[in-house]
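Peer 1: So the chains spell out like this:
2 protein chains.
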Amino acid sequence: MTQSTTSNTHPMPILDHHSPIGWIGTGVMGKSLVLHLLKAGYCVHVYNRTKQKAEPLLQAGAQWCSSIADIAQSNIIFTMLGFPQDVEEVYLAPHGLLANAKPNTILCDFTTSEPSLACKIAQEAAAKAIYTLDAPVSGGDKGAREGTLAIMVGGPNFVLEHIQPILVLFGRKILHVGPAGAGQHTKMANQIMIAGTVLGMLEGMLYAEHAGLDMPKVLDLIGSGAAASWSLANYAPRILQGDFQPGFFIKHFVKDMKIAQQESQKMHLDLQGLMAALAAYEEALSEVGNLGVHGLYSFWKKQDKF
Amino acid sequence: MTQSTTSNTHPMPILDHHSPIGWIGTGVMGKSLVLHLLKAGYCVHVYNRTKQKAEPLLQAGAQWCSSIADIAQSNIIFTMLGFPQDVEEVYLAPHGLLANAKPNTILCDFTTSEPSLACKIAQEAAAKAIYTLDAPVSGGDKGAREGTLAIMVGGPNFVLEHIQPILVLFGRKILHVGPAGAGQHTKMANQIMIAGTVLGMLEGMLYAEHAGLDMPKVLDLIGSGAAASWSLANYAPRILQGDFQPGFFIKHFVKDMKIAQQESQKMHLDLQGLMAALAAYEEALSEVGNLGVHGLYSFWKKQDKF
Chain A
1 MTQSTTSNTH PMPILDHHSP IGWIGTGVMG KSLVLHLLKA GYCVHVYNRT
51 KQKAEPLLQA GAQWCSSIAD IAQSNIIFTM LGFPQDVEEV YLAPHGLLAN
101 AKPNTILCDF TTSEPSLACK IAQEAAAKAI YTLDAPVSGG DKGAREGTLA
151 IMVGGPNFVL EHIQPILVLF GRKILHVGPA GAGQHTKMAN QIMIAGTVLG
201 MLEGMLYAEH AGLDMPKVLD LIGSGAAASW SLANYAPRIL QGDFQPGFFI
251 KHFVKDMKIA QQESQKMHLD LQGLMAALAA YEEALSEVGN LGVHGLYSFW
301 KKQDKF
Chain B
1 MTQSTTSNTH PMPILDHHSP IGWIGTGVMG KSLVLHLLKA GYCVHVYNRT
51 KQKAEPLLQA GAQWCSSIAD IAQSNIIFTM LGFPQDVEEV YLAPHGLLAN
101 AKPNTILCDF TTSEPSLACK IAQEAAAKAI YTLDAPVSGG DKGAREGTLA
151 IMVGGPNFVL EHIQPILVLF GRKILHVGPA GAGQHTKMAN QIMIAGTVLG
201 MLEGMLYAEH AGLDMPKVLD LIGSGAAASW SLANYAPRIL QGDFQPGFFI
251 KHFVKDMKIA QQESQKMHLD LQGLMAALAA YEEALSEVGN LGVHGLYSFW
301 KKQDKF
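So the sequences go chain by chain: A and B.
Under this note's numbering, the residues of the first sequence are numbered 1 to 306, in order.
Under this note's numbering, the residues of the second sequence are numbered 1 to 306, in order.
For the record, the hints were derived by calculation from the structure and aren't laboratory data.
One or more hints might be untrue.
Simulated crosslink set (DSS-like; lysine-lysine; CA at most 25 Å straight-line) [said to hold, decoys possible]:
| no. | chain 1 | residue 1 | chain 2 | residue 2 |
| --- | --- | --- | --- | --- |
| 1 | A | 217 | B | 217 |
| 2 | B | 120 | B | 302 |
| 3 | B | 102 | B | 128 |
| 4 | B | 266 | A | 217 |
| 5 | A | 142 | A | 53 |
| 6 | A | 173 | B | 217 |
| 7 | B | 301 | A | 258 |
Some residues of chain B that are not near chain A, with every Cβ distance over 10 Å (derived) [to be verified]:
| no. | residue |
| --- | --- |
| 8 | 15 |
| 9 | 146 |
| 10 | 199 |
| 11 | 260 |
| 12 | 287 |
From the three backbone atoms N, C-alpha and C, an ideal C-beta is built for every residue, glycine too.
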């Protein structure tokens, strides 16, 4: 790692194999990432609301901490949570990270959450000389397992540079996209694009199937032209096989789209494609929330759309 | 070309370099395709509503016909028109193709048009022992110039097989997708997918720009993940450069989406993504109809969306 020229003016915490790294949130994504840390020889302290979910990590060498205040003693703490309200509680509650961490601690949140919340946390952290990064990821469970995530980082660049040797264990594409909140904004732009693309892709398939077309042939033809997308290439074959497992959960996609809608309304943007996708997924949420995003198709099939 | 086993029972017209090929519609797309025919040594008779647009082809060796009835004497006639009403007139009017063509003539329509109209034409043609194919294309002006179009063919497969030696001059991917109308249905499925994808892509960019993100960096990051699409890869760089030229005209995209909406309503499908895209483009049509489909972004920028 190259020493940042600005880092002299910012006292940075030591990151070595003897100083514990704190980790909160050991779900599907978090678990894979902690395993990368352990494999690289780091000492990892973990905390999770449900201890049971952390068991495999404890067996792999991680150490259990029974409270966020304990975890907060680490030089660097990563969080990978579910919803914005989880982020708010873990960071801002009286028993949370900001109230208990030392000055110069680095807090890095991988959760896809609200840009405005990321800014609020960064502001309150700065008042205590604590560093924060909002660093949502893209690439799903597979990217986490294989350490090939894209990581979109908002916050001070010198902080990102300081923890880069750790982040490279998780991701292949790690980019500083701007100040606090910019990581979340980038993820929102990403999700807005996916929303329109997936909705269009599924509607096109619904139309094609209803028109009685030879689906594999038509999808092959369409997928090689101007309608090509990651969603079409990855979801259409699974849909044809009737496989609607996640991948990326509908319940999380709905959460992301709701944040995107709130943020776009604050910007006075009227994003009709996003609204249409959100409405379609919200209608399906209670029935297929635990399926992958292409599971909307199976919901439609049940809803007399055929 | 392999002789189709079924062709013995169907008397097929001779296609050689001495028998004129008829061509109606010499706009941007048609012109490029006729040039391929001339280059391959075919004798081509052309007709166009505006003769002036055919002049470059006449200079290149095509022969002018002053009426559709004249063109209808060819063994095979291709049409590449603008709107469904043009297709209806050229095929079904008293001075049109069906009224004037001989039995066993092949009529192949490249226009993106209504599936139901393609079926109607096929039915009336069959009553006169005339063969028809609906064969809309994908790949735009570039694909037409380079002979790399995707061609989605509905109609009898033995007719497609008979004219395959000509179609390979125009396209790289030529697929029989079903009976009369199936070519148009395939194109509609394609356009429905593009509608959602383009809308999502443009909305994501609008959000990102409004959030003050570093656009080239963010688009590079987003474009390498699950939001990747042909539209993002091809349109985003042009948008960043302020280049909104077609490519594919907004006015034609609106026509296609309107057909798709009508057809999906006939199927009792409620395609909200398509509706959102159509509404967004219809709002912009009068101002930016002659721009490329990514020109919606320039319309938004003028509309105080910033």
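Peer 1: Of the numbered hints stated previously, which ones are contradicted by the structure, given in increasing order?
Peer 2: 1, 2, 10 and 11
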